Amino acid sequence: MKSAPAGFELTVAVWLLLAACPLTVSEWRISQLSQITSYGIFAMSLAFLWGQTGLLCFGHAIFFGVGAYAMALITKGLLPGVGDSTVTGLLAATLLPGLVALIAGTLVFRGRSLSGAYFAIVTLAAAAIAERAASHWSLIGGFNGLLDVPPLRYGVGANRVELLAPVPVYYVVLGAAGAMYGLLLWLERSPLGTALRAVRDNEQRTSYFGFDVSVYKTLSLALSGGVAGFAGGLFVTQFGFVSPALIGVPLSTEVLIWTALGGREVLLAAFLGALAVRSVESVLSEALGYYWLLALGVLFVASVVIFPRGLLGRLLALSLPRRMAAPADPGP
Amino acid sequence: MAQALLVALDASNFMLALLLVTLGLVILFGLMNVINMAHGEMFLLGAYAVVLVQRYGGSFWLALALAPLALGVIGLVIEEVVIRHVYHRFIDTILATWGLSISLKQAVIIAFGPTAQQVHNPLPQTVEILGTLYPVYRLFIMAVAVLAAAGTFLLFYQTSLGLVARAVIANRPMAGSLGLNTRRMDRMTFAFGAALAGLAGAVMAPLMSVDPQMGVGFLIPAFLSILVGGTGTLLGTLLGTTLIAGAGTVVSSIWSQITAQIVVFALAIVVIRLFPQGLTGGSQER
Numbered sequence: 001m002k003s004a005p006a007g008f009e010l011t012v013a014v015w016l017l018l019a020a021c022p023l024t025v026s027e028w029r030i031s032q033l034s035q036i037t038s039y040g041i042f043a044m045s046l047a048f049l050w051g052q053t054g055l056l057c058f059g060h061a062i063f064f065g066v067g068a069y070a071m072a073l074i075t076k077g078l079l080p081g082v083g084d085s086t087v088t089g090l091l092a093a094t095l096l097p098g099l100v101a102l103i104a105g106t107l108v109f110r111g112r113s114l115s116g117a118y119f120a121i122v123t124l125a126a127a128a129i130a131e132r133a134a135s136h137w138s139l140i141g142g143f144n145g146l147l148d149v150p151p152l153r154y155g156v157g158a159n160r161v162e163l164l165a166p167v168p169v170y171y172v173v174l175g176a177a178g179a180m181y182g183l184l185l186w187l188e189r190s191p192l193g194t195a196l197r198a199v200r201d202n203e204q205r206t207s208y209f210g211f212d213v214s215v216y217k218t219l220s221l222a223l224s225g226g227v228a229g230f231a232g233g234l235f236v237t238q239f240g241f242v243s244p245a246l247i248g249v250p251l252s253t254e255v256l257i258w259t260a261l262g263g264r265e266v267l268l269a270a271f272l273g274a275l276a277v278r279s280v281e282s283v284l285s286e287a288l289g290y291y292w293l294l295a296l297g298v299l300f301v302a303s304v305v306i307f308p309r310g311l312l313g314r315l316l317a318l319s320l321p322r323r324m325a326a327p328a329d330p331g332p
Numbered sequence: 333m334a335q336a337l338l339v340a341l342d343a344s345n346f347m348l349a350l351l352l353v354t355l356g357l358v359i360l361f362g363l364m365n366v367i368n369m370a371h372g373e374m375f376l377l378g379a380y381a382v383v384l385v386q387r388y389g390g391s392f393w394l395a396l397a398l399a400p401l402a403l404g405v406i407g408l409v410i411e412e413v414v415i416r417h418v419y420h421r422f423i424d425t426i427l428a429t430w431g432l433s434i435s436l437k438q439a440v441i442i443a444f445g446p447t448a449q450q451v452h453n454p455l456p457q458t459v460e461i462l463g464t465l466y467p468v469y470r471l472f473i474m475a476v477a478v479l480a481a482a483g484t485f486l487l488f489y490q491t492s493l494g495l496v497a498r499a500v501i502a503n504r505p506m507a508g509s510l511g512l513n514t515r516r517m518d519r520m521t522f523a524f525g526a527a528l529a530g531l532a533g534a535v536m537a538p539l540m541s542v543d544p545q546m547g548v549g550f551l552i553p554a555f556l557s558i559l560v561g562g563t564g565t566l567l568g569t570l571l572g573t574t575l576i577a578g579a580g581t582v583v584s585s586i587w588s589q590i591t592a593q594i595v596v597f598a599l600a601i602v603v604i605r606l607f608p609q610g611l612t613g614g615s616q617e618r
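The listed protein sequences correspond, in order, to chains A and B.
The opening position of the first sequence corresponds to residue 1 in the numbering used here, with each subsequent residue numbered one higher.
The opening position of the second sequence corresponds to residue 333 in the numbering used here, with each subsequent residue numbered one higher.
By construction, these hints were calculated from the structure, which means they are not laboratory data.
Small disclaimer: the values here were computed from a predicted structure and weren't measured.
Interface residues of chain B toward chain A, partial, derived using beta-carbon atoms under 8 Å: (1) VAL414; (2) ILE426; (3) LEU427; (4) LEU432; (5) SER435; (6) GLN438.
Here are the computed distance ranges between Cβ atoms for each label pair: (7) ARG421(B) - ALA19(A): 34 to 44 Å; (8) ARG323(A) - GLN545(B): 42 to 52 Å; (9) HIS136(A) - VAL409(B): 39 to 49 Å; (10) SER115(A) - HIS417(B): 18 to 28 Å; (11) ILE461(B) - ASP212(A): 51 to 61 Å; (12) LEU487(B) - ALA295(A): 33 to 43 Å; (13) VAL339(B) - TRP137(A): 21 to 31 Å; (14) PHE472(B) - ALA295(A): 32 to 42 Å.
From the three backbone atoms N, C-alpha and C, an ideal C-beta is built for every residue, glycine too.
Turn these sequences into a full structure, and let the hints guide you.
The structure is reproduced here in structure tokens:
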């Protein structure tokens with residue numbers, strides 16, 4: 001990956017700008033921005049899976065949705081024996097989709113693994129299954145979903161406080177986004193990340209070098225699924241209700257568009273892709289009506305054909321980790 | 333007995349309808365290596381072509397002839413503007429056609445509104461088959477599907493044009509060196525696939541609720557049929573559509589439509605997992 005000269009400076013600037021948003025933006029917009037930021041975390045999880053490991057997933061909302069449902073069930077106290085705290089909810093919202101992804105990955109990638117295109121179609125079908133199953137499972141609310149999901153809470157017992165003011169919520173969500181960004185970036189720049197990119201660029205060669213390709217793909221899917229689920233859990237605390245729409249094909253499509261438009265290979269570009277598309281949508285979709293989705297579709301096609309690395313990818317790309325940028329490795 | 337016959341008729345009707353929809357898709361997938369996510373919307377446009385022709389007083393049969401032509405032209409334009417640029421980037425064809433599918437569906441919503449349109453059934457009669465009454469139009473669909481499949485097979489495996497098309501697919505540089513116009517073959521194959529989608533949409537229109545979502549409902553079963561059967565041969569497609577449609581009809585006659593979809597999709601995923609090359613073991617390595 002060639003880095004833009006100012007990738008690092010721009011990355012820092014973006015985070016500072018996001019942190020400064022509450023100074024200038026109205027409270028209503030801030031609460032919207034918090035929701036969109038959860039979508040941004042979701043987009044980063046897809047960028048990790050797709051941009052780094054080369055797995056194009058058409059059903060990523062499955063993980064987001066499982067996280068959202070897990071969070072809703074726990075914080076509404078519908079699951080006996082596990083309590084109803086925000087922390088437990090978020091933990092379950094991360095671990096459960098991660099586990100689902102781990103099992104799915106093991107099933108799909110072990111042995112003679114599915115090729116990229118087949119993986120895309122299978123995940124699309126899986127998303128359709130998940131959506132239909134969720135709308136007919138009465139335990140999780142069926143077609144109507146679960147209403148009145150509590151907001152973020154802290155403290156215990158009688159001292160428990162609900163976090164409702166938009167600005168503190170925004171900082172919690174932004175902090176979570178920063179933490180997830182840091183985690184995924186660290187993974188991406190670790191030797192594990194290098195192996196994932198090797199799988200992406202040439203699976204056969206990587207396996208000839210002695211790497212168990214299926215393990216890396218499964219691991220990447222599990223990590224990405226966990227982060228997507230965390231984003232889903234965070235999202236429902238602000239959105240207040242969860243429905244089959246959060247688990248199915250339409251949201252999976254949307255996150256693909258955000259990630260592709262922003263830039264699949266750069267986490268922050270995907271994150272900003274989600275923020276930009278959703279922000280513009282909230283402003284323009286009223287005025288443009290049906291034409292908004294048409295414009296988005298055309299823009300998506302154009303970006304795939306003309307800018308495969310997304311509109312922001314080149315701009316925000318960071319330089320390679322130092323261990324790889326070393327001039328000439330003496331080598332054995 | 334009559335019940336079993338009805339299930340069997342419904343199953344073969346669904347299977348042949350699915351085959352008709354899948355044909356255009358498998359040509360692009362198996363022969364051009366293009367995963368056309370916009371296939372469902374091309375199908376949709378075929379159905380709306382009927383709506384449009386009938387709105388201006390044309391007969392259904394005129395519409396049935398015009399729809400494939402219109403979709404062929406649209407296919408040519410799409411190939412020239414979008415697909416031609418992403419042939420060498422396999423995964424990106426999925427994304428580009430997915431974007432096209434969103435745009436085409438939205439264009440239909442803008443032009444015709446989001447609500448369902450009515451298409452007159454040109455053959456409303458029923459006919460008695462072994463004591464069971466069955467709609468004539470369903471039999472017509474089955475006939476069209478068989479003819480379209482046979483015609484496609486003959487075109488690609490029995491004519492010199494089909495030979496050229498398969499030569500370009502097998503070895504592009506070699507075919508080019510031998511003086512074959514590879515660009516022209518790409519264009520024509522893509523347009524042919526699109527025209528088949530248009531034909532399927534037009535034929536199915538009288539029996540379906542013609543609304544902007546009708547394409548998506550067929551896209552996933554069609555893709556699963558191809559993957560289950562194997563991409564290499566038309567025989568694989570036949571097998572795949574038979575299994576998917578047969579299983580779907582049987583399960584939905586026992587439980588509900590929705591259970592059928594879930595069960596069939598899940599079973600298809602298992603089969604694809606166990607036989608990554610499809611049941612007929614496609615010849616292509618990917």
